[in-house]
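Those protein sequence lines, which keep their order, are chains A and B.
If you read the first sequence in our numbering, its first letter stands for residue 2, the second for the next number, and so on.
If you read the second sequence in our numbering, its first letter stands for residue 2, the second for the next number, and so on.
Please keep in mind that the hints were generated in silico from the structure rather than gathered at the bench.
There's no promise every hint is true.
Copies of one chain are not kept apart here, so a pair can be met inside one copy or by any two copies together.
[What the hints assert, rightly or not] List of simulated lysine-lysine pairs, DSSO-like, C-alpha gap at most 30 Å:
#1 76 to 336
#2 244 to 306
#3 76 to 244
Each chain is listed here by its residues.
2 protein chains.
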Amino acid sequence: MPTVLPPDSVGLVIPQTLAFDEPLELDSGKTLPRYDLVVETYGELNADRSNAVLICHALSGDHHAAGYHGMEDRKPGWWDSAIGPGKPIDTTRFFVVCLNNLGGCRGSTGPTSVNPDTGRVYGPDFPIITVADWVRSQERLMHRLGIGQWAAVIGGSLGGMQVMQWAIGFPKLLRHAAVIAAAPRLSAQNIAFNEVARQAIFADPDFHDGHYQEHGTLPRKGLMLARMLGHITYLSDDAMRAKFGRELRAGKINFGFDVEFQVESYLRYQGASFVDRFDANTYLLMTKALDYFDPAGEFGHDLSKAFAATEADFLVVSFTTDWRFSPARSREIVKALLDVNKHVSYAEIESSHGHDAFLVPIPDYMNVFRAYMGRVAAEFTKGEA
Amino acid sequence: MPTVLPPDSVGLVIPQTLAFDEPLELDSGKTLPRYDLVVETYGELNADRSNAVLICHALSGDHHAAGYHGMEDRKPGWWDSAIGPGKPIDTTRFFVVCLNNLGGCRGSTGPTSVNPDTGRVYGPDFPIITVADWVRSQERLMHRLGIGQWAAVIGGSLGGMQVMQWAIGFPKLLRHAAVIAAAPRLSAQNIAFNEVARQAIFADPDFHDGHYQEHGTLPRKGLMLARMLGHITYLSDDAMRAKFGRELRAGKINFGFDVEFQVESYLRYQGASFVDRFDANTYLLMTKALDYFDPAGEFGHDLSKAFAATEADFLVVSFTTDWRFSPARSREIVKALLDVNKHVSYAEIESSHGHDAFLVPIPDYMNVFRAYMGRVAAEFTKGEA
C-alpha cells in the first residue's frame, strides 16, 4: 500500500464507462446489439490530437494499465512499469488510452453482463470474439474519444496480436505499431495448452455448461487449473529454476500429496487468487481469440501479403527465454514486414523471465522501448518547438 | 492385427506373476507386507547366466515391452521397436526381463490390489514408492530369476532414472547402464507439470479422495486432463507443427468450443483412451516417484559424488527436440560420470519427435543402441567362441 504515490506514477485514476448503442457485427456472424467499454486514460490529449496511444491488453489484462484506483491499492495497474512520467510510454508526452476488451470481465460488456435481448446474464451465450472484432470496437472507441489517428498502438502477447490487426485492418489510423512478445499465429503446441485449459474448465462440475452464475457456483477448480497451466507457459524453465529450484517448502519430503516443492505452492497460490478476480467464460473466450488469430490466413498463408498494405512503422520486441512466443516467432513478423519493405525496428532482449518478461522493467528492454517512443513523440512535438 | 507375426518380433508372450512374501521396507518408512510382480521375459538365459538384461519402464509403461499377447492384438509391446531378433536388444543374444513396477496397475501390486492387512483394495492408501524402492524390488526379482549380475539395465525417461539408481545402489550387480532420454532430477518446470496433472485428478469429483473404486466411479476427466497435458510435454513444438500445424478438423472455424483444430482432436483421443487402461492412483504415484528422484541429494547435490562408486559402463542417449528431458540434462549425467572417470558413451540423436523419440526406431538411434548392445554381448559371447 503506497502511503505516498511514487513520483513516476500516473497517480490516482478513475475508469470511465462508455456506452455504444450502434450494433457491432462480429466475425462469427453474430451481432452485439449494444455494448459498454471501460476505459482509463493517462496524460493529456494535445491540441492537434496527435499524441494518443492505444494500449491493448493480453489474456488476463484489463483497462487498468497504470496508476492506482485508491491509496489502499496494493499494486498499480498491470503495465505500470512502462507507463508514467518519464517511463517508456511517457505520460507527460502521450495521451494513453487503455480499455477492457469486449468479452472481458472487468466492466466492459462480456459474459458477466446482462444480455439486453433476454434480460439475463450472457454467460456462455456471449458470442465468440476475435482479435479483429476487438480492433473494430477499439476503432469506434477512438472516434468517440475524438482521435483521428493513433501515434502508436502498443501491446504485448495477445495485445501484440491486436496491434498487428490494427496495422492490417486500419492502415491509415496508426503511425506506429509496437508488437511485443507476440506471434503471428498460435502454434499447435500453443493451441494444445489452450485446449487443456478449456477442458479443465469444462470438466469442473461447478461450470454448469457456463451457466454457473445462475447456479450460484464458480468453476473454481477448473479455472485454477487453467491458470496454473498458464503460469507454466509464462515462466521459463530457467526462471522457474532460479525462482524455486527443487526447494522443499517444509525442508523435507513428506511422502504425501500436500504441497512439497515451492513451485507447487506458487502455482496453487497463483491459481487460487486468479479465481477471485477472473471469469471462466471470459477465459474461454480469450483462448479462442488467441487460437483463431491468423492474419496470414486470408492471404494464402503469406504473412508478408497480410502486411503489404500496412502503413505504420513497427517496433517488434522478443525475449530470449520466452517459449510461449519465442524470438523465432517475432522474427517471422520482422521478416514478413521486411519482405514488403516496411520500416521495422527489432530488439531481442536477453532475459530469464520467459513470456512474463514483457511486463518486467528489464533495463535493455525499457531503453529500447523508451528510445522508440521518443522517436514517436518527436514526430508530433516537432511542430511545437 | 497381425495375421502373421513379423519375423523380427519376439512373438507371442505370456506374462508371469511372481509372488514375494518377504516384507519390503520403503523409503517412506512404510512396509509392503507382500507383493506380486508381473514379468515378461524374451530370449533365453545362457548357461552361465551372463546374458540377462533388465528393462525398466517409464510413467505409463508396464511389463509388456515386446511381442504380442494374442494374434488379435492391434499393437505389440511398448518397446517392440528396440527388442526382438536382430533389434538393438537382440533376443537371440540376450535374456530380456521386463516387469510392471510396484504401484503399477497392470498386475503388479499397486493401488488396485487388495491390501492383505485390510482385505480391501489399497486405493489411495497404497504407499508412495520411490525409484530406489523399485530398484530394491527389482533386485529381489533378479535373485528369484537366478541372475547374479545384469549384462545391462536399460530404460528411457523414468526408466532411465531406475537405471541410474541401479548403478548407484547396486554397483556390482550390473555391467552396463543405458540411460535414455532421462534427467538426473526433475526441474521446477517438470514438477510444475506433474503438479497440474495431480491437481486435475484431485479436482475430479469422481476421484473421491482416491476411493473411486469403492464408489464405483473413475476420475475420467481428471486423468484425461493429466494425460493430455503429458502428451504436450512428450511431443516437441516442431513435432506438433509437423503433425497437426493449424489444420482444422472440419476445414473451417466454427466459433464454438467443439473440437476445431486437429491437435485438439488428437489430445482428446489420447486422453480418453488412456483412461480405459490406466489407474489414476498409479498415475499419482508415478508422478511422485519422478518428483522425488534426486540421487545427488544425498551427496551434497554433487551428482559426480553420487556416481563415484558406480562400476557399470554407461550409454547415455538424448534427443535434440526433447524438451521434457533435454539433451542438456543428459549432458549433466555425462559430465558427472566423466568427472569421476567412468566409462560413458554419449549420443545426442537428431530427431523431431520430442521426448517420445526414445520409443521411435530412428535409424541413428537404433544404430548407436545396436552397436553398444553388440559390445555388451561381445563380453559374454567371447568365451563361447
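Status of residue 306 relative to residue 244 across identical chains (alpha carbons, at most 30 Å) = between (42 Å within a copy, 26 Å between copies)
Residue 76 and residue 244: within-copy, between-copy, both or neither at 30 Å Cα = Only inside one copy: residue 76 and residue 244 sit 21 Å apart there, 43 Å across copies, limit 30 Å.
query = Which holds for residue 76 with residue 336 at a C-alpha limit of 30 Å: within a copy, between copies, both or neither?
reply = neither (38 Å within a copy, 45 Å between copies)
Violated hint for the displayed structure: number 1, the only one.
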